[in-house]
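Protein chains in written order, with our numbering: chain A, 9 to 351; chain B, 180 to 674.
Rather than coming from a laboratory, the hints here were simulated on the basis of the structure.
Capping the alpha-carbon separation at 35 Å, the derived lysine-lysine pairs in DSBU-like fashion look like this:
#1 Lys621/B x Lys454/B
#2 Lys515/B x Lys438/B
#3 Lys34/A x Lys562/B
#4 Lys150/A x Lys438/B
#5 Lys220/A x Lys608/B
#6 Lys257/B x Lys359/B
#7 Lys412/B x Lys366/B
#8 Lys545/B x Lys504/B
#9 Lys243/A x Lys455/B
#10 Lys455/B x Lys504/B
#11 Lys294/B x Lys366/B
#12 Lys150/A x Lys501/B
#13 Lys562/B x Lys35/A
#14 Lys150/A x Lys515/B
#15 Lys150/A x Lys504/B
#16 Lys454/B x Lys606/B
#17 Lys562/B x Lys220/A
#18 Lys545/B x Lys220/A
#19 Lys545/B x Lys455/B
#20 Lys545/B x Lys243/A
#21 Lys545/B x Lys300/A
#22 Lys243/A x Lys454/B
#23 Lys220/A x Lys621/B
#24 Lys243/A x Lys592/B
#25 Lys408/B x Lys443/B
#26 Lys39/A x Lys515/B
#27 Lys150/A x Lys539/B
#28 Lys39/A x Lys539/B
#29 Lys300/A x Lys562/B
#30 Lys220/A x Lys501/B
#31 Lys515/B x Lys35/A
#32 Lys592/B x Lys501/B
#33 Lys220/A x Lys592/B
#34 Lys504/B x Lys300/A
#35 Lys501/B x Lys539/B
Here are the computed distance ranges between Cβ atoms for each label pair:
#36 Ile342/A x Gly218/B: 37 to 45 Å
#37 Asn241/A x Gly670/B: 37 to 45 Å
#38 Val290/B x Phe177/A: 52 to 60 Å
#39 Lys293/B x Thr149/A: 44 to 52 Å
All C-beta atoms in this analysis are idealised placements derived from N, C-alpha and C, irrespective of residue type, glycine included.
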Amino acid sequence: MKTNELGLNTNKLNTNKLNRSKLNIKKITNKYMLEIILLSIVIIMTFTSRGFFTTANLLNILRNMSLQGVIAFGMTMVIIAGEIDLSIGSTVALSGVIIALTTGRLEKAGIMPMEQGVWIGILLAFIAAGLFGLFNGFLLTKFKMPSFIITLAMLNALYGLAAVLSKGFPVTTLPKWYDVFGAGQVFGVIPVPAIILLAVFAIVFIVMTYTKFGRSVYAVGGNPEAARLSGINVKFVKIVCLVVVQLCAALSGLLVSSQVMSGAFSFGRGWEMTAISSAIIGGASLSGGIGKVWGTLVGLIILGVINNSMTLLGVDEYVQYIVRGLLILIAVLINTIQTQKKD
Amino acid sequence: MSVLETRNIVKTYPGTIALNDVSVSFESGKVHALVGKNGSGKSTLVKIFSGAIEPTRGEILIDGVRMNFSDPRDAFAKGIATVYQELSLVPGLTVAENILIGRLPMRGRFVDWKKTFAIADELLKEMNVDIPPDEVVYNLSVWQCQMVEIVKAMSFRPKVLQLDEPTSALAQHEIQALFKMIRELKKKDVVIIYVTHRLHELWQIADTCTVLRDGCLIGTIPMQEATHKDIIKMMFGDVEIHTRPHDLKVEDDVVLEVKDLTRKNKFENISFRLKKGEILGIAGMLGSGRTELLKSIFGADPFDSGEIYINGQRIFSPSPVKMKKAGLALTSEDRKHEGLNQIASIKDNLCIASLDLIAKGAFIQKHRENEFAQRQVNELNIKVSDIRDSVSSLSGGNQQKVVVGNWLNTNPKVIFFDEPSRGIDVKAKQQIFQIIWEQSRKGVSSIMVSSELEELLEVCHRILIMREGRIVGEIKPEEVKIEELYSLCMGGEKN
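Next comes chain A alone, as it looks inside the complex (with noise of 0.2 Å):
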């Protein structure tokens, strides 16, 4: 009987361990999922396309990524601010117009030679782009405009103006150095792209994660109104959310324009959704307050990884628009309900 009994009980404790091993494992997964997910796509890969797992291919990924993804991080912010930016793509080209336009009169004028004009040039790309940041900021909350509005009119505004100052054609003043940011490779092997990709990463993380700036970003987009009583700035983390996006936009301007070695107007355009799908494929959440920059990055890999994988295969252009499409649904659905769940 007793034995009987004591087998009985340990028999319980053995299932209430395999329950609670059980109830890890579910929650590891949840919380793992998108790294998962990620890891299954690159050994299917590996195993059923040759040329997939080679450090040609691997850093080829990384470099056509980074052209991108550098406004990926800013994106996430803005998202987590409970806002949007759709006008990104123009500032991309509009940053490469100004950089090539402005080395190339300076020169023209006898003021300076290229190699240094160049320099100007960026600055004022950079300057640009956080003046248009500012003056969609001012718009958002001086007069509480949508942030979806103004930046899909800018996004029409700027890609006009990108084209009336390039006048429609490739601008090509620019050094032969100017190359180093968009082709120059480290050690021979790592593109400069990918560096500068993580370095915004890593401060655009940082930033999120161990700064009053980054909370402050979080309870704005968790709840405004709230946050406004709690003594928040609130219209100043939103503007500066927004002039954030843009700055990335033009570095990712200018990492095209010297990857290409000319400013175009045509550059950028449909990369807002390169940004914003990565951000939600990561988790953010569109209505503000949820994202992680983490995850963000691996949201990103996983896009520039199917593109990749797509091209390999032989997988039609315009299929993959339609995949890519799929693709934001989904992560978009799956967001849906676990939240939903939560509730």
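Using the hints, position chain B against chain A.
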């Protein structure tokens, strides 16, 4: 002639009895006021009539026929229409569309617009409402929306029309216009149930007054025979008022002074002084300008003129950022929308206002953050399993403590408590009061606003009475009875 009647209605919720054996009848052609303080059961009764909730026991009869409402649509179909405080009109549609929504006249597959406007026009005219049927509701003011709602409800020819606090958002002249309309309605052989907390209106509009207290029917009296004192006595009965602990002291230093503060249409010429350690109550009915006053002093809302001094220093153009630095704190009446970030953790919500103290330079110090959160959890006795859990997982009382804790972390000198006991249970209320008293012992002053007047009498050193945006009196809790305080707030005579 029709009659709405209840027989032995009981409604219980786990732990409480909302209505206890209520039998009452209302006849048509008259306005029947339904009054009672918060929690008396009057809203429960209205909801039972409208089919929103089912009674635990008892029956409802219309003209002697027993009714069983399965849902609001059912109650509506059987002749009970209810116009709620929160209006349900669609702002983007016209008045005519709103009145006829769901039953627009059709011509084949298309809406017959000509007929729509004609019918709506007729309905409006019938009620003597001077609003064009093609006006978009968005352009109407609240009282006009109120009227459209009533026209819409009446167009179904109901036997009973319930009006839930119809005047709470209206100005004086708008109230008169609404009353005129209600008096017209009396001719229409309909039972009008009128729920209000504005007692002085009753003599203008009601024929009878039915009083509920703690879920029980106290009685119904005709308005001609009723005095202000009678009704208040029926509402409150003999309440036992607790007194604050005796060791609370008020020091002589003035920490906050407000001079002639005015915000147009909200409050006017407000002046008072708040001393160190003092707990000052502001009594007043909903809409008397209490919340607006606190918000303006705190810098969250603007004001037109007046001066604010903290420790003798004048504060120019206040903002929440500035006032927090100066030592002010405000716990909002609306916990859900203004107090907490519901999607964030308990810890984050306890540390939002005090980020400046937690950070060293720009960087958050994690150990301090945990310290700050844990301190409030311990001192305020907040029931949590893990401070990283979402704040929305807490009960109302514990959420309120988080709101208070968030501010205590800023080491304030003055705390504004706006309706601190709203939506929390009796035990949690007492705990919140303990917190306010404890702050007083530490030399922190408080201003408390509450619709529950007995709470003010229990908690405060001194109470200002606010009515229609003005301070009309000042009392000491020791010297006044609850009925008198209520009369003062209502604007009725003292006797």
